[in-house]
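The listed protein sequences correspond, in order, to chains X and S. Here the first sequence is numbered in our numbering, starting from 1 and rising by one per residue. Here the second sequence is numbered in our numbering, starting from 1 and rising by one per residue.
Hints in this document: simulated from the structure, not taken from any laboratory. One thing to keep in mind: the hints can contain errors.
Keeping only pairs whose Cα atoms sit at most 27 Å apart, straight-line, the calculated DSSO-like set for lysine-lysine is [claimed, not checked]: (1) S:Lys39 <-> X:Lys136; (2) S:Lys131 <-> S:Lys154; (3) S:Lys148 <-> S:Lys39; (4) S:Lys288 <-> X:Lys53; (5) S:Lys288 <-> X:Lys136; (6) S:Lys349 <-> S:Lys208; (7) X:Lys135 <-> S:Lys299; (8) S:Lys39 <-> S:Lys131; (9) S:Lys131 <-> X:Lys135.
Note that the structure is predicted; figures quoted are calculated from it, not measured.
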Amino acid sequence: MGDFEPRIIAFLCHWCTYTGADLAGTTRQQYPPNIRIIHMMCSGAVDSIYVLKALIDGADGVLIGGCHPGDCHYQTGNYKARRRFAILKEILNQVGFSEDRIWLRWISASEGKLFADTVTQMVEELKKLGPNPMKKLWVV
Amino acid sequence: MGKSAVLEVKNNDPVETLRVFFHDLLEKKIVDALLVPKKLPSGDGYCQTLIRDTEMLRDVNPLAPTLPVQSARLISHLSITDPGCRVGAVLKSCEIRAVIELVKFLQVKLDKLILIGVDCPGTYEPLDYAKMSREKEEGASITGGLLKGARDGKIEPQDGYNLRLACQICEYPNPQNADIIIGLFGHDPQKEIFIQLRDHLAGEFAEKGILATAEEGSPSRDLVIERLTEERIKRRDEVFDAFRSRVESLQDLMDTLSTCIRCHNCMVACPICYCKECVFRTPALEHKADQFLRWADRKGGVRMPTDTLLFHLIRLSHMVTSCIGCGLCDSACPNDLPVATLFRAVGQKVQGMFDYTPGRSVDEEPPVATFREDELQVESGAL
Numbered sequence: 001m002g003d004f005e006p007r008i009i010a011f012l013c014h015w016c017t018y019t020g021a022d023l024a025g026t027t028r029q030q031y032p033p034n035i036r037i038i039h040m041m042c043s044g045a046v047d048s049i050y051v052l053k054a055l056i057d058g059a060d061g062v063l064i065g066g067c068h069p070g071d072c073h074y075q076t077g078n079y080k081a082r083r084r085f086a087i088l089k090e091i092l093n094q095v096g097f098s099e100d101r102i103w104l105r106w107i108s109a110s111e112g113k114l115f116a117d118t119v120t121q122m123v124e125e126l127k128k129l130g131p132n133p134m135k136k137l138w139v140v
Numbered sequence: 001m002g003k004s005a006v007l008e009v010k011n012n013d014p015v016e017t018l019r020v021f022f023h024d025l026l027e028k029k030i031v032d033a034l035l036v037p038k039k040l041p042s043g044d045g046y047c048q049t050l051i052r053d054t055e056m057l058r059d060v061n062p063l064a065p066t067l068p069v070q071s072a073r074l075i076s077h078l079s080i081t082d083p084g085c086r087v088g089a090v091l092k093s094c095e096i097r098a099v100i101e102l103v104k105f106l107q108v109k110l111d112k113l114i115l116i117g118v119d120c121p122g123t124y125e126p127l128d129y130a131k132m133s134r135e136k137e138e139g140a141s142i143t144g145g146l147l148k149g150a151r152d153g154k155i156e157p158q159d160g161y162n163l164r165l166a167c168q169i170c171e172y173p174n175p176q177n178a179d180i181i182i183g184l185f186g187h188d189p190q191k192e193i194f195i196q197l198r199d200h201l202a203g204e205f206a207e208k209g210i211l212a213t214a215e216e217g218s219p220s221r222d223l224v225i226e227r228l229t230e231e232r233i234k235r236r237d238e239v240f241d242a243f244r245s246r247v248e249s250l251q252d253l254m255d256t257l258s259t260c261i262r263c264h265n266c267m268v269a270c271p272i273c274y275c276k277e278c279v280f281r282t283p284a285l286e287h288k289a290d291q292f293l294r295w296a297d298r299k300g301g302v303r304m305p306t307d308t309l310l311f312h313l314i315r316l317s318h319m320v321t322s323c324i325g326c327g328l329c330d331s332a333c334p335n336d337l338p339v340a341t342l343f344r345a346v347g348q349k350v351q352g353m354f355d356y357t358p359g360r361s362v363d364e365e366p367p368v369a370t371f372r373e374d375e376l377q378v379e380s381g382a383l
């Protein structure tokens, strides 16, 4: 377990968190390389299907990144994402899947450091949780 | 709501009395067409039938205790484009609640509809109903047998058959949001039927000489409904508790769903799953051969097809906030999976987060279609 490296699928909104991740790179912020980023136009475009598909296919964590409340490029996409996320968490909770594997974070285009810190923190937390049990389940 | 009257039952036959009532509705143009359950020529079941000619009212039975399809979908077809006339629809409480949800998703327009709700003691599975009707000499007695308990709310299924589980745990024996209510509870259905009308209809009914209504309601009916609801909530909680103690982990859920054959019947039967192009009907979740082989490599082997859990979890996340608990998914499942209980038990928690009751009012926005700026600060885990 000591050498377990979690794999995180991140759905980042174009206008804030994706650009924040870019800033983390250009300003040479260090963060663990455990993240695979998928570029979305808005956190509100992240259907629960993407998150569930990633988890069932064995991702150890899923990160959704969007603009801070009030800052959504499309006015309200992040608020809708937040509702959908809360619903998904409760569903996972109800069927006995650790809801701690999915994170929603507001990270703006100027918060490169926050992005790096968030990924670092998420990797630490997922290491404590251990590998996603779905990775080994042959009946899915 | 509105005004009420008591309809006198002739010849101890409530079904015939209601046929005469519907005859009036059609003839006096309260409705121009009527959707109502009518006995099939085979004699072993009922189907919703859109009636224009009063001759066709023979063998209709609005009280038939069976629910082969969820009429909310039919109502969508009958109202989403202009029917050009007033369409009445005789529906059970769960069907009206589904209609209300579909109004919010712009799949039903109410303006040309007259929703006629019937008190529902519960329904048998269509197959059980067919068996019962073959065993019995005369089909109507199945309705009559179940109606015996309507007066005091002691509903007893007949001949060793059970009511559908969804009906046993349904908290809404009486229809809400109906324009016309056909009330059975708290009255002796062999003698009288309680009718309640929305105010605007009461005037029209009086004008056309169909029924004179008054302000008073039916305290005896209210009492029976209250008691019946209480009993069903108790039963519901037992079923939910049993389910929750059985499904405590993802492995438990997989075990519960083990016999799922991915027929998608639950989705097809569901009145809320209205999407014209469901993601499960597109190639979006198809994979190339090497993807399956990679999974098999990682796990040593993988069950095929691979999307059982994904299917049910996605359906949960897409429509559980609006699940009205009709249980048609249970009825449609060829392998007796407890899908309805899964949806209702999870739905209770998720709907509760937003204090949302699907089917309660057209004015309440479904949780997935709206938001509040100041909510979910902690619960969503967002910083």
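Requested in this report: Decide if the proposed pair is consistent with the structure: Lys131 of chain S and Lys154 of chain S, CA atoms, cutoff 27 Å inclusive.
Outcome: Distance of about 24 Å is within 27 Å: holds.
Query raised in the report: Given the proposed pairing of Lys131 of chain S with Lys135 of chain X, does the C-alpha separation stay at or below 27 Å?
Result: 46 Å, violated
Query raised in the report: Can the restraint linking Lys288 of chain S and Lys53 of chain X be considered satisfied, given a maximum Cα separation of 27 Å?
Result: Measuring from Cα to Cα gives roughly 16 Å; hence the hint holds.
Query raised in the report: Does the alpha-carbon distance linking Lys39 of chain S and Lys131 of chain S stay inside the 27 Å limit?
Result: 15 Å, holds
Query - Pairwise hint evaluation, Lys136 of chain X against Lys39 of chain S, where the allowed Cα distance is 27 Å at most - result: Judged against 27 Å, a Cα distance of about 52 Å means the pair is violated.
Query - 27 Å Cα cutoff - pair Lys288 of chain S, Lys136 of chain X - result: Cα-Cα ~21 Å, so holds.
**Report entry** Proposed proximity, Lys299 of chain S with Lys135 of chain X (alpha carbon, max 27 Å)
**Finding:** Cα-Cα ~7 Å, so holds.
**Report entry** Pair hint Lys148 of chain S and Lys39 of chain S, alpha-carbon separation not exceeding 27 Å
**Finding:** 21 Å, holds
Query raised in the report: Straight-line Cα separation of Lys349 of chain S and Lys208 of chain S no greater than 27 Å?
Result: 47 Å, violated
When held up to the earlier numbered hints, the structure conflicts with 1, 6 and 9 and fits the remainder.
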